[in-house]
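Trainee: Chain by chain, the residues run as shown.
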Amino acid sequence: MKEKNRTSWEKSFERSGLRDADFSTISGRPLRPLYTWEDMAEIDPRTELGYPGEYPYTRGVHPSMFRGKLWTMRQFAGMGTAIQTNQRYKFLLEKGQTGLSVAFDNPTLYGLDSDHALSAGEVGKTGVAVDTLADMERLFDGIPLDRVSTSMTINAPAAWIFAMFLANAEKRGISFAELRGTLQNDILKEYIAQKEWIFPPEPHLRLITDLMSFCADQVPQWNTISISGYHIREAGSTAAQELAFTLADGFAYVEHAIAAGQDVDDFAPRLSFFFNAHLDFFEEIAKLRAARRIWARAMRDKYKAKNPRSWLCRFHVQTAGCSLTAQQPEINIVRTALEAMAGVLGGCQSLHTNSMDEALALPSEKAVEIALRTQQIIAFESGAANVIDPLGGSYYIEQLTNDLEEEAGRYFRKIDELGGVVKAIEQGFFQREITRAAYEYEMALSRRKKFHVGVNEFINPSEKLEIPLLEIDESVEREQLDFMRRIKAGRDNGAVRDGLGTLTAAAAAGRNLMPPLLECARRYTTLGEISEALTTVFGEYREQPFY
Amino acid sequence: MADRRIKVIIAKPGLDGHDRGAKVVARALVEAGMEVVYLGLQQTPESIVRAAVDEDADVVGLSILSGAHMPHFRKVRELMVKSGLGNRLLTGGGIIPTKDQGKLKELGIERVFGPGDDLQEIVDYIRNKAGRARKE
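Just so you know, the sequences run in chain order A and W. Each residue of the first sequence is one higher than the one before, starting from 1 at the first, in this note's numbering. Each residue of the second sequence is one higher than the one before, starting from 1001 at the first, in this note's numbering.
Isolated chain A, as found in the complex:
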């Protein structure tokens, strides 16, 4: 039954002149002009919202949220050699950053050594080059790994990069139990969006399961995986696709580990997530709230997890690199601030704010300092951290949260019909969905249905670039190659060969690969040597190019 006042408002609204015929989110979701308490009639706050730190966690994973502890301010950083990156980490810690996040270069992400033919021109360009334990030693030199948590964005070779990280901690006398941090280790989204794999999906999934089981025993505070929507969104997906595909990947990891004989409550508390914070402020907040609720419901009801920690969707947020422009780069500071605020209001556990020069280069010191200061302004000046889930109960936010949960549900059913995530990847389902969304958005920009300030509207034609840019010198590659040669010349090559032999035998026999990987790392075996050895057992993977 409609209230009299509503009917009256509707009439007045219809008589008003509107500046556009069509209002939708950046993902193309049609919007009503107004959300009211009447829309809330179907939402029962007791079952849909609950309290923070309580099922279904819509309002946050901790009872006290940012009153207890602020989110971790964690800037993703890596460039050139390990020595250069180590300096950047010390710079960031000195400026008040509270966690580290390692960006590796492209060869490292593919498990290739710096001297591989495909690595030419790419060493140290978009992250730090790591070939052996010696690079890990230089990377974290002087950094208290028992006190600062470390996130590593590494996927295909995650298990052996982690082995190097552990071997370094061991050499420094830090016990595995004290280590805190996160491995991205999310191979499914690589096939879906970021495209950095080595083997076919099955052996990669096995490596992930091995790592989860090893960490449950020996590195209990480590987040073994960061199931990532960030790259899916950057590849052009909508908010709902990001939400659905990420959680579908999460369910696939859970099912794989259960099928391998693990108890869900042994590994699920160490699963973590990574989402994008894009420009459409309210839709992003709703997406993050929906993620917590969907995950909690599935983990409790479908996967029968009993430990409430297994129900928690804890996540890192990064502001959207793809929303930033090369044009008038200074205005990216404002975009990033809005996106970061959405991440905070969405209840993130850690946050990376992009630097204004993202569309031009790796961040300069000045740009990254401003990006970090943006988080500090939100935390200490804006008041956003004073009250838990301050937008909870907003008619619009609650409706959007529900709509996104429903839309994700439709995607889950579709993925099930296709035979699950791996089968859907092989059929190019995700890839096509994302490419279609990316194309529709570009066309909307081209037709001026959507706007990007400084790009298709409010253009400054006489613009001159006035910010300093970081350059990675060509000498980095030579330095890295020299260093790697010196390490290889100084190690016991017989021990390296033996270690690789034990590794491939364990791979063929189906034994947990973490112990032999750790042994290889201790012997300064290179990343590429390990990749090649494992490829002899697991084979390679090539994608059919879809567009």
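Warning: the hint list may mix true and false statements.
Said to hold, decoys possible - Chain A stretches covered by chain W per the calculated footprint, using a threshold of three residues with CB under 8 angstroms from any CB of chain W:
hint, stretch
1, 104-110
2, 321-334
As the list claims (entries may be wrong) - Derived contacts from chain A toward chain W, CB cut-off under 8 angstroms, selection only:
hint, residue
3, Ile83
4, Asp115
5, Leu118
6, Pro545
Unchecked claim - Mimicking DSBU-like on lysine-lysine, the simulated pairs with C-alpha atoms at most 30 angstroms apart in a straight line are:
hint, chain 1, residue 1, chain 2, residue 2
7, A, Lys90, A, Lys69
8, W, Lys1099, A, Lys366
9, A, Lys366, W, Lys1103
10, W, Lys1075, A, Lys449
11, W, Lys1103, W, Lys1129
12, A, Lys464, A, Lys423
13, W, Lys1075, W, Lys1099
14, W, Lys1105, A, Lys464
15, A, Lys423, A, Lys302
16, W, Lys1075, W, Lys1103
17, A, Lys464, W, Lys1082
18, A, Lys464, W, Lys1007
19, W, Lys1103, A, Lys464
I should point out that these hints are in silico values taken from the structure, not numbers from a laboratory. Note that the Cβ used here is the ideal one computed from N, Cα and C, for glycine as well.
Assemble the complex: chain A is given as a structure, and chain W must be docked to it using the hints.
Mentor: Chain W alone, transformed into the frame defined by chain A:
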């Protein structure tokens, strides 16, 4: 030649997995009536130029966001000239600093595109230059 469709090779050389731009541009060129052969990821300059020869392509487009654009463009240009495709259009896009765009011009790569460039502008550029390049 008037009714021959413009044929474009699009490739991602090296280790860079960012294929959003390459795919969106590929689709826009197809919508504009061109024929597109998208080679996908992890291509080498050799594999790209081999495909360009096999396909008798009018245009080669490289997408590079990894910072490795200079060596890749240089090598592809060199191999195109060697393979008798010196008169075909070589262009591309990605995160390519203005300073390097100048260096690319010296190599005969007149124009590359970046974030925010309009799809229609890319389509028009390729349409205008492709036919002309072939006749020269």
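Trainee: So, for every hint listed, does it hold in this structure?
Mentor: So, going through the hints one by one against the coordinates:
1. 104-110: holds (count 4)
2. 321-334: holds (count 5)
3. Ile83: Result: violated, 19 angstroms to nearest chain W Cβ.
4. Asp115: Cβ of A:Asp115 sits 14 angstroms from chain W, so the hint is violated.
5. Leu118: 6 angstroms, holds
6. Pro545: Constraint on A:Pro545 satisfied, holds at 3 angstroms.
7. A:Lys90 <-> A:Lys69: 23 angstroms, holds
8. W:Lys1099 <-> A:Lys366: 20 angstroms, holds
9. A:Lys366 <-> W:Lys1103: Status holds; Cα separation ~27 angstroms.
10. W:Lys1075 <-> A:Lys449: 40 angstroms, violated
11. W:Lys1103 <-> W:Lys1129: 20 angstroms, holds
12. A:Lys464 <-> A:Lys423: Outside the cut-off at roughly 49 angstroms; violated.
13. W:Lys1075 <-> W:Lys1099: Distance of about 19 angstroms is within 30 angstroms: holds.
14. W:Lys1105 <-> A:Lys464: The given pair, whose Cα atoms are some 20 angstroms apart, holds under the 30 angstroms limit.
15. A:Lys423 <-> A:Lys302: Answer holds: A:Lys423 to A:Lys302 is near 21 angstroms, not above 30 angstroms.
16. W:Lys1075 <-> W:Lys1103: Holds: W:Lys1075 and W:Lys1103 sit about 14 angstroms apart, inside 30 angstroms.
17. A:Lys464 <-> W:Lys1082: 38 angstroms, violated
18. A:Lys464 <-> W:Lys1007: 36 angstroms, violated
19. W:Lys1103 <-> A:Lys464: 19 angstroms, holds
Taken one by one, the earlier hints fail for this structure at numbers 3, 4, 10, 12, 17, 18, listed in ascending order.
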